[in-house]
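> For the protein sequence lines, the chains are A and B, in the order given. Residue numbers are given in the UniProt record's numbering: position 109 of the first sequence equals residue 109, and the series is strictly consecutive. Residue numbers are given in the UniProt record's numbering: position 106 of the second sequence equals residue 106, and the series is strictly consecutive.
Certain hints may be false.
[Said to hold, decoys possible] Distance condition first, Cα-Cα at most 25 Å in a straight line; then the derived SDA-like pairs of lysine to any residue:
{"no.": "1", "chain 1": "A", "residue 1": "K115", "chain 2": "B", "residue 2": "E98"}
{"no.": "2", "chain 1": "B", "residue 1": "K66", "chain 2": "B", "residue 2": "A113"}
{"no.": "3", "chain 1": "A", "residue 1": "K59", "chain 2": "B", "residue 2": "Q164"}
{"no.": "4", "chain 1": "A", "residue 1": "K19", "chain 2": "A", "residue 2": "V102"}
{"no.": "5", "chain 1": "A", "residue 1": "K59", "chain 2": "B", "residue 2": "Q90"}
{"no.": "6", "chain 1": "A", "residue 1": "K19", "chain 2": "B", "residue 2": "L169"}
{"no.": "7", "chain 1": "A", "residue 1": "K89", "chain 2": "B", "residue 2": "R172"}
[Unchecked claim] Okay, the calculated beta carbon distance ranges per label pair:
{"no.": "8", "chain 1": "A", "residue 1": "E12", "chain 2": "B", "residue 2": "N111", "range": "39 to 49 Å"}
{"no.": "9", "chain 1": "B", "residue 1": "S77", "chain 2": "A", "residue 2": "E95", "range": "44 to 54 Å"}
{"no.": "10", "chain 1": "B", "residue 1": "S44", "chain 2": "A", "residue 2": "D9", "range": "11 to 21 Å"}
{"no.": "11", "chain 1": "B", "residue 1": "S44", "chain 2": "A", "residue 2": "A2", "range": "20 to 30 Å"}
{"no.": "12", "chain 1": "B", "residue 1": "S144", "chain 2": "A", "residue 2": "C37", "range": "39 to 49 Å"}
{"no.": "13", "chain 1": "A", "residue 1": "E12", "chain 2": "B", "residue 2": "T22", "range": "17 to 27 Å"}
{"no.": "14", "chain 1": "B", "residue 1": "D120", "chain 2": "A", "residue 2": "S48", "range": "26 to 36 Å"}
{"no.": "15", "chain 1": "A", "residue 1": "E5", "chain 2": "B", "residue 2": "D45", "range": "11 to 21 Å"}
{"no.": "16", "chain 1": "A", "residue 1": "N13", "chain 2": "B", "residue 2": "A113", "range": "26 to 36 Å"}
{"no.": "17", "chain 1": "A", "residue 1": "T81", "chain 2": "B", "residue 2": "Q142", "range": "23 to 33 Å"}
{"no.": "18", "chain 1": "B", "residue 1": "A113", "chain 2": "A", "residue 2": "Q6", "range": "22 to 32 Å"}
{"no.": "19", "chain 1": "B", "residue 1": "E47", "chain 2": "A", "residue 2": "E5", "range": "49 to 59 Å"}
{"no.": "20", "chain 1": "B", "residue 1": "G80", "chain 2": "A", "residue 2": "D83", "range": "31 to 41 Å"}
Hint data in this document are derived by calculation from the structure and do not stem from the laboratory. C-beta atoms are modelled at their ideal positions from N, C-alpha and C, and glycine is treated no differently.
Below are the chains, spelled out letter by letter.
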Amino acid sequence: MAYSEQVIDHYENPRNVGKMDADDANVGTGMVGAPACGDVMRLQIKVSDEGVIEDARFKTYGCGSAIASSSLVTEWVKGMTLDQASELKNSQIAEELALPPVKIHCSVLAEDAIKAAVDDYRKKQQK
Amino acid sequence: MDITRNYFEFLGLPVDFEVDQTRLGERYRELQKQVHPDRHSHQSDREQRLAEQYAAYLNEALTTLKSPLKRAQYLLSLNGIDTLSDSRAQLDPMFLMEQMELRERAAEAANHADPEAEMDALQAHVGHELNRLQEAFSAAWQASRMDDAEVLVRKMQFACKLQQDIEALEDRLFDD
Numbered sequence: 001m002a003y004s005e006q007v008i009d010h011y012e013n014p015r016n017v018g019k020m021d022a023d024d025a026n027v028g029t030g031m032v033g034a035p036a037c038g039d040v041m042r043l044q045i046k047v048s049d050e051g052v053i054e055d056a057r058f059k060t061y062g063c064g065s066a067i068a069s070s071s072l073v074t075e076w077v078k079g080m081t082l083d084q085a086s087e088l089k090n091s092q093i094a095e096e097l098a099l100p101p102v103k104i105h106c107s108v109l110a111e112d113a114i115k116a117a118v119d120d121y122r123k124k125q126q127k
Numbered sequence: 001m002d003i004t005r006n007y008f009e010f011l012g013l014p015v016d017f018e019v020d021q022t023r024l025g026e027r028y029r030e031l032q033k034q035v036h037p038d039r040h041s042h043q044s045d046r047e048q049r050l051a052e053q054y055a056a057y058l059n060e061a062l063t064t065l066k067s068p069l070k071r072a073q074y075l076l077s078l079n080g081i082d083t084l085s086d087s088r089a090q091l092d093p094m095f096l097m098e099q100m101e102l103r104e105r106a107a108e109a110a111n112h113a114d115p116e117a118e119m120d121a122l123q124a125h126v127g128h129e130l131n132r133l134q135e136a137f138s139a140a141w142q143a144s145r146m147d148d149a150e151v152l153v154r155k156m157q158f159a160c161k162l163q164q165d166i167e168a169l170e171d172r173l174f175d176d
C-alpha cells in the first residue's frame with residue numbers, strides 16, 4: 001500500500017515518542033488497542049494547573065498509519081485545553097494524513113487514545 | 001459432502017473449542033481423497049468444479065480448526081459475533097498496558113546482555129499467556145458466557161500478534 005507523504009514523514013520522524021510517569025497527578029494516560037490488527041497505542045498528556053496541555057508523549061506498536069496518527073495528535077494537542085483536545089475528531093486526523101479508507105480505523109484509535117488520556121487525567125483530579 | 005454446513009459438521013466433528021487434532025487430521029485425509037482432482041478428471045466440468053469447491057472448503061476448514069485463535073473466532077462467528085472487523089470496544093487498560101510493556105521488552109531485547117535468552121523468556125511468557133487465554137475461552141464457551149468469550153478472543157488476537165512480532169524479531173536478530 002502506498003502511504004501519503006504526511007504519513008511517511010511522521011513514520012520516519014515521529015514526534016514526541018516516549019513515556020511520562022503515569023503516577024504523576026498532572027499526567028493523563030490513554031491506553032487503547034485495535035483487537036482486529038493487534039495494534040497497541042499509549043498516549044499521555046501533561047496538564048498545567050490551568051487545564052492546558054503542556055506536553056504530550058506517545059508510543060505505538062502498529063502500522064505506519066497508526067504511528068502517524070498518534071504522532072500527529074501529540075503535536076496538535078500541545079497548547080489545547082482539555083475540552084478542545086477531547087473534541088478532536090478522527091476525520092481531522094484522517095484528512096491531515098490523507099489516510100485511505102482501510103486505514104481510517106488508525107485515526108479512530110488515536111481519537112480514542114486522546115479521549116482516554118483526558119478521561120484518565122480528569123478521574124485523577126477528582127480523587 | 002455439503003458446504004452449507006459449518007466446518008465442524010462438514011468434517012464430522014462436534015461444534016466445540018476442544019478439537020481432537022488426530023481425529024481432525026484423519027477426517028481431513030479421508031475427505032481429501034474424495035475431492036482429489038484425479039478422481040474427478042473423467043467427470044463433467046460441473047462435477048470437477050464442484051470437487052474444486054469442496055477441496056477449497058475442506059482446506060479452509062482445516063486451517064480454521066487447527067488454529068486455536070481461528071477456531072475461537074469461527075465459533076463466535078457461528079453465534080453472530082464478529083471479532084475480525086474493527087471494534088471500538090476497549091479492553092481493560094491493565095491488559096493493554098501489559099501488552100505494551102511486553103512489546104517494549106521485545107524491542108529492547110537486542111540490547112540485552114543475553115538477547116537469545118531474553119527472547120526465549122518472552123516467547124515462553126507469551127505462550128503461557130496464550131494457553132491461559134485459550135483455557136479461559138474454552139470455559140467461557142462451555143458455559144455460554146458469550147460476552148466473556150468475545151473479550152477473550154480479542155485478547156488472544158493481541159497475544160498472537162505479539163507472538164508473531166517476537167518470531168519476526170528473532171529471525172532478524174539471530175538468522176543473519
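> Take the C-beta atom of E12(A) and the C-beta atom of T22(B), compute their distance, and say whether it sits inside 17 to 27 Å.
Given a distance of about 50 Å, which is not inside 17 to 27 Å, the answer is violated.
> Can you tell me whether the CB distance of T81(A) to Q142(B) sits inside 23 to 33 Å?
violated, 50 Å
> Given the hint of 31 to 41 Å, check if G80(B) and D83(A) actually sit that far apart at their C-beta atoms.
holds, 39 Å
> With 26 to 36 Å as the target window, see if N13(A) and A113(B) comply at their CB atoms.
Roughly 31 Å apart at Cβ, these two residues keep to the hinted range, so it holds.
> Starting from K19(A), check that the Cα of V102(A) is at most 25 Å away, please.
Violated. K19(A) to V102(A) sits at ~29 Å, over the 25 Å cutoff.
> Taking the CB of E5(A) and the CB of D45(B), does the distance hold inside 11 to 21 Å?
violated, 50 Å
> Is K115(A) close enough to E98(B), meaning Cα to Cα at most 25 Å?
holds, 20 Å
> Between A113(B) and Q6(A), does the C-beta distance stay in 22 to 32 Å?
Violated - the Cβ-Cβ distance for A113(B) and Q6(A), about 40 Å, lies outside 22 to 32 Å.
> K59(A) and Q90(B) were given as a pair; does the straight-line alpha-carbon distance stay at or below 25 Å?
holds, 17 Å
> State, for the Cβ atoms of S77(B) and E95(A), whether the hinted interval 44 to 54 Å holds or is violated.
violated, 33 Å
> Is the gap between the beta carbons of D120(B) and S48(A) within 26 to 36 Å?
Given a distance of about 45 Å, which is not inside 26 to 36 Å, the answer is violated.
> K59(A) and Q164(B) were given as a pair; does the straight-line alpha-carbon distance stay at or below 25 Å?
holds, 19 Å
In terms of the numbered hints stated before, the structure departs from hints 2, 4, 7, 8, 9, 10, 11, 12, 13, 14, 15, 17 and 18, listed from lowest to highest.
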